[in-house]
Amino acid sequence: MNKINSNKEELLRALKARFEKNMNRHKGLEWAKVQAKLDPPAGGEKLWSLSEMERTGGEPDVVEFDDKTGRLPAGRQEYIFYDCSTQSPYGRRSVCYDRQALDSRKEHKPKNNALDMAATMGIEILSEEQYRQLQKFGNFDTKTSSWIKTPTDIRKLGGALFVDRRYNNVFVYHNGAESYYAARAFRGSLRV
Numbered sequence: 001m002n003k004i005n006s007n008k009e010e011l012l013r014a015l016k017a018r019f020e021k022n023m024n025r026h027k028g029l030e031w032a033k034v035q036a037k038l039d040p041p042a043g044g045e046k047l048w049s050l051s052e053m054e055r056t057g058g059e060p061d062v063v064e065f066d067d068k069t070g071r072l073p074a075g076r077q078e079y080i081f082y083d084c085s086t087q088s089p090y091g092r093r094s095v096c097y098d099r100q101a102l103d104s105r106k107e108h109k110p111k112n113n114a115l116d117m118a119a120t121m122g123i124e125i126l127s128e129e130q131y132r133q134l135q136k137f138g139n140f141d142t143k144t145s146s147w148i149k150t151p152t153d154i155r156k157l158g159g160a161l162f163v164d165r166r167y168n169n170v171f172v173y174h175n176g177a178e179s180y181y182a183a184r185a186f187r188g189s190l191r192v
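Once you know that position 29 of the sequence shown is 29 in our numbering, the rest is easy, because the numbers rise by one and skip nothing.
Here are the simulated DSBU-like pairs of lysine-lysine, each with C-alpha atoms no more than 30 Å apart in a straight line:
#1 Lys37 x Lys27
#2 Lys46 x Lys16
#3 Lys33 x Lys46
Have a look at the derived ranges for each label pair, beta carbon to beta carbon:
#4 Asn168 x Ala32: 32 to 40 Å
#5 Arg55 x Lys21: 15 to 23 Å
#6 Glu9 x His108: 35 to 43 Å
#7 Arg99 x Glu9: 34 to 42 Å
Calculated directly from the structure, the hints in this document are not laboratory data.
Because the structure is a prediction, the values reported are computed rather than measured.
Backbone N, C-alpha and C fix where the C-beta goes; we use that ideal spot for every residue, glycine too.
Just need the whole structure built from these sequences, with the hints factored in.
This is how it looks when you write it as structure tokens:
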């Protein structure tokens, strides 16, 4: 077995184990149907994105099943993975919000920014609504925080939004988009 197939099998085993361990996140769904969506050729790019989510510490898992949004062709269904690591993904920390924020820093620039990283990985950064949905499945970001999609009007003024969970509640905060912290990353979603 070559290295690519070995890595794919290892990733699928990890995803399956996480799926089976956390059935509360996807009641009524079956792993075999999820895995079928990840098989080539259709699943190739999606599997790579999941691999990047896993590699950077996101611990992706299925949290939604979409067959009713109206944005999908008749009969098409999508499984939606979120980063489900207890704390914000370690491989995506110490990043500012976006390219504009990164370019605005004169010194002590972070190595990357959340929006570019997400785009490179082929995932979407979570919205506030998605983040709150994630929190229904456990206590996430009790020691870290995560950037979330920021409305254009806030971003135009130089700000960006981030979230965390403290005191058994989800809090939404603002910060300069150019800021970055060792305990702040971003969580993403992927439609498969």
